[in-house]
Amino acid sequence: MKENTARPYLVTLAILLAAMLLSVAVGSVVIPLKDIFAVFWQGITGSLGEQIPPEAAIIFKLRLPRTILLALTGAALASSGAAYQGLFRNPLADPYVIGVASGAGLGAVIAMSIRWPYEWASTFIIPVIAFAAGLVTVLLVVVLARVNRTSSSTSLVLAGVAISSFTTAVSSFVMLKSTGELRRSMVWLLGGSTLSGWQPVLGMLPYAVLGIGALLTMGYTLNVMQFGDEQAAQMGLRVGRRRLIVIVAASLTTAAAVSFSGVIGFVGLITPHIVRLLAGGNYRRILPLSTLAGAAFLLLADILARVVIAPQEVPVGIITALTGAPFFIWVLRRSRPEEV
Amino acid sequence: MTMKKTIIFALLITVLLLTACKPVTPQTYTDFLQREVTLTQPAQRIVSLAPSNTELLFAVGAGEQVVGREDFSDYPAEALDVPSVGGSMGDYNLEAIVALQPDLVLLTELHSPELVHSLEGLGLTVFYLGNPVVLEDLYTNIETVGKLTGHENEAAALVADLTSRVSKVDELVAGTTNRPVIFYELDATDPAKPWTAGPGTFVDQLVSRAGGVNLGSSLDGAWVQISQEELILRDPDMIFLGDAAYGTTPEQVAARAGWENLQAVTKGQISSFDDDLVSRPGPRLVDGLIEFARLLHPEIADQLP
Amino acid sequence: MLELLDVHAGYLNKSILQGINFTASPGEVTALVGPNGAGKTTLIRAISGVLPLQQGSIHAFGKDIQTLSAAQRARMVAVVPQATQLPPAFTGWQTVVLGRTPYVNWLGNLSHRDETITRDAMRQTATLELANRQVGQLSGGEQQRLLLARALAQAAPILVLDEPTTHLDIQFQFNLLADVRRLAEGQNLVVVMAMHDLNLVSRFCDKVVLLNDGKLVSYGAPAEVLTAERLSEVYRIKIELHPDGKEGQFFIMPTLD
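For the protein sequence lines, the chains are A, B and C, in the order given.
Numbering follows numbering that gives the first Met the number 0, with no gaps: position 216 of the first sequence is 215.
Numbering follows numbering that gives the first Met the number 0, with no gaps: position 240 of the second sequence is 239.
Numbering follows numbering that gives the first Met the number 0, with no gaps: position 146 of the third sequence is 145.
Just so you know, the hints here were simulated from the structure itself, not pulled from any lab data.
Certain hints may be false.
Now the stretches of chain C that chain A is said to cover, found in silico as 3 or more residues with beta-carbon under 8 Å [stated by the list, open to error]:
(1) 47-60
(2) 72-80
(3) 92-98
(4) 105-117
Just so you know, even glycine gets a beta-carbon here, dropped at the ideal spot from N, CA and C.
Work the whole structure out from these sequences, hints included.
So, in structure tokens, the structure goes:
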């Protein structure tokens with residue numbers, strides 16, 4: 000009756016660490032592992048010197064922050080996706096279902112269409128605006144869903160669809176009007192970290208950690224919610240309040256991820272689904288496993304994005320989207336009718 | 000040789016050597032974003048992130064100093080031998096840029112100020128070149144690039160050549176009387192609403208200077224759509240296909256429903272046009288001007304520089 | 000005990016239940032019967048606290064349930080819902096252990112006591128062998144027993160069942176109701192059960208609440224409440240009572256005469 004085996008966690012963690020190492024090693028310039036360790040050693044012992052060799056610059060200023068950023072993003076998206084799949088009892092839910100991504104997308108597109116004065120245009124301008132826009136959108140969705148007196152799961156999803164359609168349409172319009180920035184907006188919407196360096200990591204870190212941390216405590220709640228709002232209340236949960244907490248935590252996390260890494264699809268949908276099929280229906284396991292697996296998945300996708308047509312880089316959102324088709328076919332063939 | 004001649008000879012050699020090796024002092028330039036950019040010597044390893052920059056660099060003779068370019072830099076042909084750092088699918092490959100160890104990265108107004116911050120964060124020197132609004136701005140840019148690369152003389156010579164060619168065109172055009180109305184087609188994926196160049200663009204300026212009238216100049220905005228009905232109403236004398244590089248041919252235009260009655264179609268006045276000449280703010284703008292003049296006023300064609 | 004005093008309840012502006020009054024005592028099995036739409040489910044929702052009352056009050060062992068928090072209420076009233084659409088990937092154990100929700104912390108950490116109580120609940124409902132089986136692969140009867148076990152794990156003195164025999168085969172119907180009787184008497188629980196099948200009611204229940212159109216038509220022992228005239232009126236079809244040979248028990252049959 001106790002299923003507290005540590006094995007799935009260890010396996011997933013091992014995959015994640017391997018992916019992180021690979022992510023630092025691979026790129027248009029392949030840096031051999033021994034050089035990586037040498038550079039790390041020099042960095043730690045402080046013997047890098049004044050003139051940093053290009054490998055060290057690449058590792059410390061580009062690859063390492065990017066690796067961490069993508070790991071955080073993957074973790075954020077997968078944990079949010081898992082939480083929403085549990086909350087809405089729908090295996091097709093993803094972190095964007097109540098509109099945070101389309102809202103953040105609109106914010107980013109608008110921010111990108113403005114020529115900011117140079118002093119203002121730090122690397123944070125677009126993410127901050129996207130973040131705020133994403134949260135405002137979720138707020139609108141929650142308020143709209145309350146219109147029929149109960150913010151039940153169905154009304155949230157419906158409100159999310161309504162507002163997403165609206166913001167996406169406005170985004171498209173803005174993109175069309177500002178033809179100069181069209182390429183940039185498109186790339187952002189396709190998903191890919193357009194920011195480099197440590198700043199985006201530091202910017203995203205507090206929200207991601209807070210959000211993911213909160214979500215990780217909601218495993219038991221989600222288990223109870225699998226029986227529906229009514230039974231959950233009869234078992235003693237304050238359903239409305241807990242649902243709100245899940246939404247706030249997931250929105251914070253997803254908004255942070257999307258604002259700093261663009262709209263990357265499928266990670267939040269596929270990862271928890273696979274984890275669920277492999278590790279059972281207990282959300283106290285699904286959430287942490289999804290968090291680790293999501294980080295690994297996104298890193299691996301990004302590595303692929305970097306090498307497949309090197310030296311050019313495919314936006315990572317395209318790689319994750321390409322994994323969607325085979326995934327769904329696999330689910331279709333594997334699933335027993337009563338399971339999905 | 001006598002002692003005196005040897006000494007004079009030696010002195011001459013020394014003087015020559017001294018003047019040939021100019022003392023290298025750091026120079027500071029101000030770019031379009033009002034940033035102060037300091038180079039200890041003219042840039043020797045340049046990464047160009049815009050096709051116009053690449054053309055400028057090669058035109059002032061600094062082609063050897065270009066170590067990296069972006070995907071769309073295809074002119075002159077030598078540029079294709081320079082390794083590319085991406086740009087056609089999203090962002091530039093920052094690792095590739097860093098690996099080239101450039102001492103200067105040349106940007107234009109195409110690029111966001113955030114990119115400047117990113118590149119500076121990697122320890123690179125960045126210069127942000129503004130887009131010219133009129134031809135005189137172009138000359139300034141050429142001179143700037145000349146200074147940055149240590150080719151001031153060649154830059155000056157290029158500017159002199161360009162200005163003299165432009166004056167010649169002005170002179171010849173002044174002698175013509177007609178001012179044909181032309182429609183410059185940028186994109187007609189939807190033939191009911193084709194895209195054209197509006198007022199203020201170089202297409203617009205150069206067409207006027209070449210003795211024509213750009214139909215798009217009465218519209219609002221730089222890159223604008225015009226409805227097919229309005230096009231038919233205005234009935235331009237000529238159509239220039241700026242989208243020829245994407246495969247649009249005069250025959251296709253003639254075959255479009257509703258376009259067959261345009262006088263440009265019936266009189267066969269549809270010409271292909273190399274859009275790179277007028278969309279890249281580089282020295283080939285003058286080539287674009289001359290090409291416009293040739294198409295607009297065939298009678299002066301053989302006198303054009 | 001469970002006391003309903005002038006209870007009015009409904010949804011939005013509609014009032015479904017009007018003026019319901021009755022008392023259910025420990026050790027007794029009280030049936031809620033009536034045609035569809037009479038308000039049985041609404042009444043269960045009101046008793047379990049998920050439906051706020053429009054008027055009146057409900058007291059569980061002296062406490063007004065509307066003044067209790069969700070967790071406090073869940074410690075007083077446990078509901079056995081119908082076994083439909085259960086999450087198929089949960090195991091039997093994972094399902095039953097959720098009955099401890101009103102007692103565990105946010106993270107759901109179980110104490111030794113929680114596990115003992117859960118095991119006992121499963122033992123009493125003969126579901127221990129289903130502990131590691133996936134719910135999606137179980138029969139309706141097994142699922143229903145798991146839900147009963149879950150409610151028992153909640154250790155509440157009031158047990159409410161919502162038409163527990165509806166999806167069950169006949170042998171499971173009898174067994175389940177026999178178990179419920181046994182638990183009611185053995186643990187001195189207040190049991191309220193919405194029932195569809197009038198014949199089962201007359202055999203297994205001590206008291207009957209007959210509802211029609213949201214009003215309480217009659218309340219008392221089955222023999223008093225379930226009379227031919229009353230039933231014919233409520234169900235709008237002629238109903239006859241036939242003695243079945245055992246003392247005081249009848250077959251309740253509609254006829255087309």
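Results for each hint:
For the region 47-60 of chain C, the proposed coverage by chain A is satisfied: 3 residues have a C-beta within less than 8 Å of a C-beta in that chain, meeting the threshold of three. With 7 residues bearing a CB less than 8 Å from a CB of chain A, the region 72-80 of chain C meets the requirement of three and the coverage assertion stands. Only residues whose beta carbon comes within less than 8 Å of a beta carbon in chain A count, and the region 92-98 of chain C has 4; three or more means the coverage holds. Here's how the region 105-117 of chain C fares: 3 of its residues keep a CB closer than 8 Å to some CB of chain A, so the rule of at least three is met and the hint holds.
Hint compliance for this structure: no hint is broken.
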